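Chains A and B supply the protein sequences, listed in that same order. Residue 1 is where the first sequence starts when you use the UniProt record's numbering, and the numbers rise one by one after that. Residue 1 is where the second sequence starts when you use the UniProt record's numbering, and the numbers rise one by one after that.
Where hints are given, some of them may not hold.
Identical copies look the same in the list; a pair holds intra-copy or inter-copy alike.
To be verified - The list that follows gives simulated cross-link-like pairs (lysine-lysine, DSS-like), each with its CA atoms no further than 25 angstroms apart:
| no. | residue 1 | residue 2 |
| --- | --- | --- |
| 1 | LYS290 | LYS174 |
| 2 | LYS290 | LYS216 |
| 3 | LYS62 | LYS104 |
| 4 | LYS216 | LYS174 |
| 5 | LYS303 | LYS314 |
It should be emphasised that the hints constitute simulated quantities derived from the structure, not laboratory data. All values reported here derive from a predicted model rather than from experimental measurement.
Protein chains: 2
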Amino acid sequence: MMKYNKGLAVLALVMPGMCFAQTGEKVLEDFKPSTMNQPGKEYPQVNSQGYARFRVEAPDAKAVNVSLGLGGKGGTDLTKGADGVWTGTTAGPMDEGFHYYHLKVDGGIFNDPGAQNYYGSIRWESGIEIPAHDQDFYAVKNVPHGLVHEVLFPSASTNSTKRAFVYTPPGYEKNDKKRYPVLYLQHGWGENEYAWMNQGHANLILDNLIAEGKTKPFIIVSTYGMTNEAKFGTIGSFDIKPFQTVLINELIPYVDSHFRTLSDRKNRAMAGLSMGGMETKTITMANLDKFAYIGLFSGGSFKMDDVNATPGFKEKVKLAFVSYGSREMMDERMRSFVGDPKANTEALKAAGINSVLYVSPDTAHEFLSWRRSLREFSPLLFKD
Amino acid sequence: MMKYNKGLAVLALVMPGMCFAQTGEKVLEDFKPSTMNQPGKEYPQVNSQGYARFRVEAPDAKAVNVSLGLGGKGGTDLTKGADGVWTGTTAGPMDEGFHYYHLKVDGGIFNDPGAQNYYGSIRWESGIEIPAHDQDFYAVKNVPHGLVHEVLFPSASTNSTKRAFVYTPPGYEKNDKKRYPVLYLQHGWGENEYAWMNQGHANLILDNLIAEGKTKPFIIVSTYGMTNEAKFGTIGSFDIKPFQTVLINELIPYVDSHFRTLSDRKNRAMAGLSMGGMETKTITMANLDKFAYIGLFSGGSFKMDDVNATPGFKEKVKLAFVSYGSREMMDERMRSFVGDPKANTEALKAAGINSVLYVSPDTAHEFLSWRRSLREFSPLLFKD
Chain A
1 MMKYNKGLAV
11 LALVMPGMCF
21 AQTGEKVLED
31 FKPSTMNQPG
41 KEYPQVNSQG
51 YARFRVEAPD
61 AKAVNVSLGL
71 GGKGGTDLTK
81 GADGVWTGTT
91 AGPMDEGFHY
101 YHLKVDGGIF
111 NDPGAQNYYG
121 SIRWESGIEI
131 PAHDQDFYAV
141 KNVPHGLVHE
151 VLFPSASTNS
161 TKRAFVYTPP
171 GYEKNDKKRY
181 PVLYLQHGWG
191 ENEYAWMNQG
201 HANLILDNLI
211 AEGKTKPFII
221 VSTYGMTNEA
231 KFGTIGSFDI
241 KPFQTVLINE
251 LIPYVDSHFR
261 TLSDRKNRAM
271 AGLSMGGMET
281 KTITMANLDK
291 FAYIGLFSGG
301 SFKMDDVNAT
311 PGFKEKVKLA
321 FVSYGSREMM
331 DERMRSFVGD
341 PKANTEALKA
351 AGINSVLYVS
361 PDTAHEFLSW
371 RRSLREFSPL
381 LFKD
Chain B
1 MMKYNKGLAV
11 LALVMPGMCF
21 AQTGEKVLED
31 FKPSTMNQPG
41 KEYPQVNSQG
51 YARFRVEAPD
61 AKAVNVSLGL
71 GGKGGTDLTK
81 GADGVWTGTT
91 AGPMDEGFHY
101 YHLKVDGGIF
111 NDPGAQNYYG
121 SIRWESGIEI
131 PAHDQDFYAV
141 KNVPHGLVHE
151 VLFPSASTNS
161 TKRAFVYTPP
171 GYEKNDKKRY
181 PVLYLQHGWG
191 ENEYAWMNQG
201 HANLILDNLI
211 AEGKTKPFII
221 VSTYGMTNEA
231 KFGTIGSFDI
241 KPFQTVLINE
251 LIPYVDSHFR
261 TLSDRKNRAM
271 AGLSMGGMET
281 KTITMANLDK
291 FAYIGLFSGG
301 SFKMDDVNAT
311 PGFKEKVKLA
321 FVSYGSREMM
331 DERMRSFVGD
341 PKANTEALKA
351 AGINSVLYVS
361 PDTAHEFLSW
371 RRSLREFSPL
381 LFKD
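Looking at chain A on its own, in the form it has when it is part of the complex (with noise of 0.2 angstroms):
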């Protein structure tokens, strides 16, 4: 069983944060499609402050309202026009990055016709993207492309067969010797197997990072973590071993014989966004013989008390890695869930051990935080 019980109940219960600037604003009408409408759609559109604005056909409905705007307070309403078409726009900028939403149309819940979807909440959900500042670093570049692989592996224990993804680096195919680290990246509660691929865009930020010299080619999967398995508000009760099973005695062992990998621990990493990093911090501490480096994305941080609870933690952790969002540090009921991430950074680097802390600036528990976050650790791995 996980130890981390009332803080997985606080994760879920942390909703995206949007911040509003003051009312009386100028809305600039430079307004364009988000970068994750389906081909040809015009809307969703972004406009250069954040502002999202929403286009629905339902011309006999009663009340259109879009989940995005006033994070918890409602969403945004949107109005009918003579033409029958509902449009709206949200009373503030959003955050940068990327956020999940869906309409409620005569109080049925549906995706955006306009958007494209994304696995979230444990549902496909719509998905716009208000264009960050430092976009670039998961822009689609003319670099070197690495491959995503879509992997159906065996699990004896589930008696199923599971779906991986797994990046290889630009130039795997081409070279039949060359062997390659492993990073196991683990989405959150809600999502599933897509998730780092498809709006965490890992491939993107590791051919960037890779065409910079920013970072040592490695190969990357993503798994489904079984942290639907767990209804909402009842997390607390998740249930680590199934996924520890699959996870160690059938991926791994799997990934390392038909992949070209290191498989020894010091060419391994694992790290988790959320509930995700909840599994990592449990997996990666029971497992010390196979993980040398750690990632905790918006999802807890290593105290004293784990590292002194945890046999080899001090010679065989190469790197704990914590990170947040800037807003989700600020909210209360994490504060009292995580502590002080900072204090307790301090207290392993005292004890000599490689821990960093990053904190995305002006972003909360959402996937811009996740994308940077990949982009800070990745340089760091693989070292020895």
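Dock chain B against the given chain A, drawing on the hints supplied.
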């Protein structure tokens, strides 16, 4: 320019065919969630006769309709219960296999929140699967699985980065010497590069055929055929040249340099469904130095006029494969376009060409026809 404008227009207008049993048939209450539902979603459901049942929450809506159920006749109207939930069952059993659909809620088009999404009709549509009596050939089985690779390749001619999905057969990644033939496999109008792997199950079909020893292991490449550049209704103005340039000058060299392919013409095939079949016919006949095996799935047939107008056809084409769903063979508009594929096939045979016609029983212009076409086509490939 393509020569088949009239045919393309016809194909785009042929609606999926639904065949209903006589009214009065007793509907069996053995409904189960569709295999294409989102995880954990109970609806839509399908019973053993092929009836589909829908359930949509939209308590304040005035009208909810499902586009499936009475092809071309308005679909299935749902009825609101006392609990505010809309439910309804198709008026009869539907054809076996995969169907695209969507909801109409108070005049707006939305997807079914219970179903997964599949790109068709130039949008991500909902999908439902009516279990086919022969579904075993595309089932996920405990056999060695190949990998599906997402590839981003540079396209100078369109000044963009394009995506392709590449299937490599089981064992490809373990043996660093063996080289494989390649099938280029195209989707239809309104679809994209995801279609053949997502709703076509091309990877599973090949895994199973290879496990049974029925086909030589080969690589499959699916990219976007740029078929949606032409608007519905003006499909006759589709220009093949931009896509031909991407395929011949950019994608094929990329695949041959990044994967262990056999790159001579005897080891390269092309096939496509519907408008992708039209693309296949035009591109292969203009590039017989590059392709030896050709498959047109619900996308026209080869006439002796084609053969006579194409120098080298008889010597170079190792297989001219044509297929249809039996229901579209009965469609008057389709007949008027394709003439008589059986007579055409016989004429080619008489001229000494390896010409094969396959008709999928009891299916229309839909994916079960094309899954079966791939199953029939694959064992005939790469015989030299």
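- Query: Any of the earlier hints contradicted here, and which numbers?
  - Reply: Those not satisfied: there are none.
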